[in-house]
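> These protein sequence lines are chains A and B, in that order. For the first sequence, the residue numbers in this note's numbering are 1 to 65. For the second sequence, the residue numbers in this note's numbering are 66 to 781.
Derived from the structure by calculation, the hints contain no laboratory data. Please note that the accuracy of each hint is not assured.
[Claimed, not checked] Below, computed lysine to aspartate or glutamate pairings styled on EDC-like, alpha-carbon distance capped at 20 Å:
(1) B:525 - B:575
(2) A:23 - B:355
(3) A:42 - B:361
(4) B:698 - B:477
(5) A:6 - B:593
(6) A:25 - B:593
(7) A:24 - B:355
(8) B:587 - A:10
(9) A:6 - B:709
(10) A:6 - B:714
(11) B:713 - A:8
(12) A:6 - B:706
(13) A:23 - B:706
(14) B:340 - A:10
(15) A:25 - B:361
(16) B:278 - B:249
(17) A:42 - B:337
(18) A:24 - B:706
(19) A:23 - B:245
(20) A:25 - B:714
(21) B:587 - A:43
(22) A:6 - B:484
(23) A:6 - B:594
(24) A:24 - B:444
(25) A:24 - B:359
(26) B:741 - B:632
(27) A:25 - B:706
(28) B:713 - A:7
Quick caveat: nothing in here was measured; it's all calculated off a predicted structure.
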Amino acid sequence: MIKVNKEDMEYQEGMTIEDILRKKKYTFRMITVIVNGRVIPKDQHSAYRIMDGDNVDVVHIMSGG
Amino acid sequence: MDLLEMKKAHKLLARMDYELGKVEKGYTNRTLYINLSDNTIKTKPVTEQMKEIFIGGRGFGLWYLWNAITEKTKWSDPENEIIISTGPIGGITQYPGAGKSLVVTLSPTTGSVMDNNTGGYFGPLLKFAGWDALEIQGKAEKDVIIYIDGNSGYVTIEEAPLEAVDSHLAAEQFTAMYADSEEDKRNVAVVSSGRGAENTLIGLLNFSFYDVKRGVPRMKQAARGGTGTVFRDKKIKAIIVKYSGVKGDTNGPADKQKIIDAGLRLHREIYELDKVQNRMREVGTAHLTEIMNDYDLLPVMNFQYGSHQDAVKLSSDVFKEYFTQGLPDGCWYGCSMACAKAVDNFELKTGPYKGQKVCVDAAEYETVAGVGANCAIFDPEYVIEANFYCDTYGMDIISTATSMAFVMECYERGIINKEITGGLEIKFGNKDAALELIHQMGNGYGFGKIVGQGVRRMKKIFAEEYGADPNLLNDIGMEVKGLECSQYVSKESLAQQGGYALANKGPQHDEAWLIFMDMVNKQIPTFEDKAQALFYFPLFRTWFGLNGLCKLPWNDIEPADNGLTDEPAKVPEHVRNYVDIFNGVTGKNITKEDIILQSERVYNFQRIFNLRMGYGTRKYDIPPYRFMGPVTKEEYESRAERYDNQLKELGYDIEGKTVEEKIKMLREYREDQYQKLCDAVYKRRGWTPDGVPTLETVKRLGIHFPDVVELISKHQ
Ligand code: SF4
Numbered sequence: 001m002i003k004v005n006k007e008d009m010e011y012q013e014g015m016t017i018e019d020i021l022r023k024k025k026y027t028f029r030m031i032t033v034i035v036n037g038r039v040i041p042k043d044q045h046s047a048y049r050i051m052d053g054d055n056v057d058v059v060h061i062m063s064g065g
Numbered sequence: 066m067d068l069l070e071m072k073k074a075h076k077l078l079a080r081m082d083y084e085l086g087k088v089e090k091g092y093t094n095r096t097l098y099i100n101l102s103d104n105t106i107k108t109k110p111v112t113e114q115m116k117e118i119f120i121g122g123r124g125f126g127l128w129y130l131w132n133a134i135t136e137k138t139k140w141s142d143p144e145n146e147i148i149i150s151t152g153p154i155g156g157i158t159q160y161p162g163a164g165k166s167l168v169v170t171l172s173p174t175t176g177s178v179m180d181n182n183t184g185g186y187f188g189p190l191l192k193f194a195g196w197d198a199l200e201i202q203g204k205a206e207k208d209v210i211i212y213i214d215g216n217s218g219y220v221t222i223e224e225a226p227l228e229a230v231d232s233h234l235a236a237e238q239f240t241a242m243y244a245d246s247e248e249d250k251r252n253v254a255v256v257s258s259g260r261g262a263e264n265t266l267i268g269l270l271n272f273s274f275y276d277v278k279r280g281v282p283r284m285k286q287a288a289r290g291g292t293g294t295v296f297r298d299k300k301i302k303a304i305i306v307k308y309s310g311v312k313g314d315t316n317g318p319a320d321k322q323k324i325i326d327a328g329l330r331l332h333r334e335i336y337e338l339d340k341v342q343n344r345m346r347e348v349g350t351a352h353l354t355e356i357m358n359d360y361d362l363l364p365v366m367n368f369q370y371g372s373h374q375d376a377v378k379l380s381s382d383v384f385k386e387y388f389t390q391g392l393p394d395g396c397w398y399g400c401s402m403a404c405a406k407a408v409d410n411f412e413l414k415t416g417p418y419k420g421q422k423v424c425v426d427a428a429e430y431e432t433v434a435g436v437g438a439n440c441a442i443f444d445p446e447y448v449i450e451a452n453f454y455c456d457t458y459g460m461d462i463i464s465t466a467t468s469m470a471f472v473m474e475c476y477e478r479g480i481i482n483k484e485i486t487g488g489l490e491i492k493f494g495n496k497d498a499a500l501e502l503i504h505q506m507g508n509g510y511g512f513g514k515i516v517g518q519g520v521r522r523m524k525k526i527f528a529e530e531y532g533a534d535p536n537l538l539n540d541i542g543m544e545v546k547g548l549e550c551s552q553y554v555s556k557e558s559l560a561q562q563g564g565y566a567l568a569n570k571g572p573q574h575d576e577a578w579l580i581f582m583d584m585v586n587k588q589i590p591t592f593e594d595k596a597q598a599l600f601y602f603p604l605f606r607t608w609f610g611l612n613g614l615c616k617l618p619w620n621d622i623e624p625a626d627n628g629l630t631d632e633p634a635k636v637p638e639h640v641r642n643y644v645d646i647f648n649g650v651t652g653k654n655i656t657k658e659d660i661i662l663q664s665e666r667v668y669n670f671q672r673i674f675n676l677r678m679g680y681g682t683r684k685y686d687i688p689p690y691r692f693m694g695p696v697t698k699e700e701y702e703s704r705a706e707r708y709d710n711q712l713k714e715l716g717y718d719i720e721g722k723t724v725e726e727k728i729k730m731l732r733e734y735r736e737d738q739y740q741k742l743c744d745a746v747y748k749r750r751g752w753t754p755d756g757v758p759t760l761e762t763v764k765r766l767g768i769h770f771p772d773v774v775e776l777i778s779k780h781q
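Extracted from the complex, chain A is given alone in its bound form (with noise of 0.2 Å):
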């Protein structure tokens, strides 16, 4: 189990950042990725691991409309 913005989400084998947000729809692309607090640039995120038990951010930055 890993955690992402604070929610429970399943733990796969070998997943990556960029699967975390194509399964929960993260489409917007001013977002920050942080893993365990610490920042993953966006060219690394097709590529990052996660390892279970990470806790993930995806902090989206608008505070638009």
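Using the hints, position chain B with the ligand against chain A.
Chain B with the ligand in isolation, oriented as in the chain A frame:
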């Protein structure tokens, strides 16, 4: 008819010659007062107190209106005013989004004070013509125009019987009439409305800016709360200002370099990052449609649902094909964000201009989501057509859309029928009926006459005249304080329910948009966190309206490293830019905390203004239940897993319970949460438990004028 003939028919009612002014540090230090009942034109000084407390723009508008009316004044009384003002920063050309006009009046739909923030050239040109604000009181007997010549130094009130009322024609005619040449057209700005403003309570004002590349006047809207209805009720056909000679320092900045530096930083960001962020330069705010659909926030069928499989037909990629690309679509000089997109050579299929090819200022997110998804009509050409007619008829497209969506749901639920609609089968998805209804509203006939009164009045009519259940109507009629809701589904974000329903003028997203912070990021879990967000963001956004600024360049573009800052939602680097440009213009030395303080004064004053008009307490801050949760079985079922889980987590036993029972449980919980949110927000804002600013708060803010103190003392 030719322009000469139109102009010849003008009858001069009054004229005032004036010394041309000079803008110093963002102010001309005088305003222009016009009374249309007795044709008075006069100058008023801007006091230091006004600048200190109210700053400009919306602040000036509120102050003038406060002094012009009493608590008994109605929107259609001659005492009511329309005040237009930019603000000290308004008119600079070095920083994107710095040419906005703020409009304040008493609203026909809410009965209280309304503010609007719009693009177009009027506000800055008015200031450069010598006036920090234009204040119009009284009512004319026949259609008039007000003309301000900022190069020759005179103001006239003239009867103008022959020009068009509908905005796309009025803007074109008056621009051509008052420009000396094609080249000069960019120096003319027109405020106009349309026939729909005469026939509905949701009239808007169109503010023009001449598009040199296209060779047409384009328009931005001061749309909310029936401002255009007040304008036409005063029999104003147009207000025209002319000023040639806009330069980088016409606004008289104290330290131009400071502004240039901030501007360069933002221009660079926009050029480098917009294409990978929101693509505002390419598609404007239309990019939001697919985002809102993906996050279940796109209003579908009168806010019942948050997404729809056909939403892709209204995506920004679809509209991109309609928008003419590569043109500088800024609504004031120097806005490299250039989000004011347009569709050229659009052939109209319906209505009085059928068959004509027009340039349409289309389509922003609110339009696409409103007349499109919320009415379940997923047809881009219909959206563009509806957009054109709402604008040229002078009708607020948000209120039109939310009213139509409400009517469609009422029709589908059998609350109204064909007999009542005069044969219109006004079901979700029926675009022909929707367009017909827009024409009926604009032209003031048939069922359109009822719909044009807005949701609040329709609720009453449907209950009283057609025997509908008032409770159901109240639950599904998406208005608060008499203003129709803008186009976001707030059900799953408590903070946004507050963002909407606590907003001073009614549920418009320009006060606060907290859905991502609250519902997606879960950054503000406690009541105190939400209250802090509902303290900071509405105040921060209020500041744009005091200064003549556009909100979009604040957070629709962000520095590449914004996510690494302590408070990314505030966009700290841009806040620094705002401090710099304010100080650069005015020569003052404010801090980022002062931004909040400046806004807090005006914001609290506006809250007290609501109180003065008979509102402004807790009971007026409570939204219909559909803002908070599922009203109907279908809505519950569309998100059953989410709702079931929430109830289980809260300890409810839902085993064997019917959907109706679960709706009831959820409702009890959510309504209670909303009240607790109000408690927390009022406390954070320094208000009483009934939502009235305390004496201590108004003293701290320096707005303890005797009449303010007298008024709020009764509510402490
Ligand atoms: S960002 Fe868009 S709306 Fe704002 S000033 Fe620029 S062009 Fe106008």
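> Which of the listed hints are not met by the structure?
1, 3, 6, 14, 19, 20, 21, 22, 24 and 26
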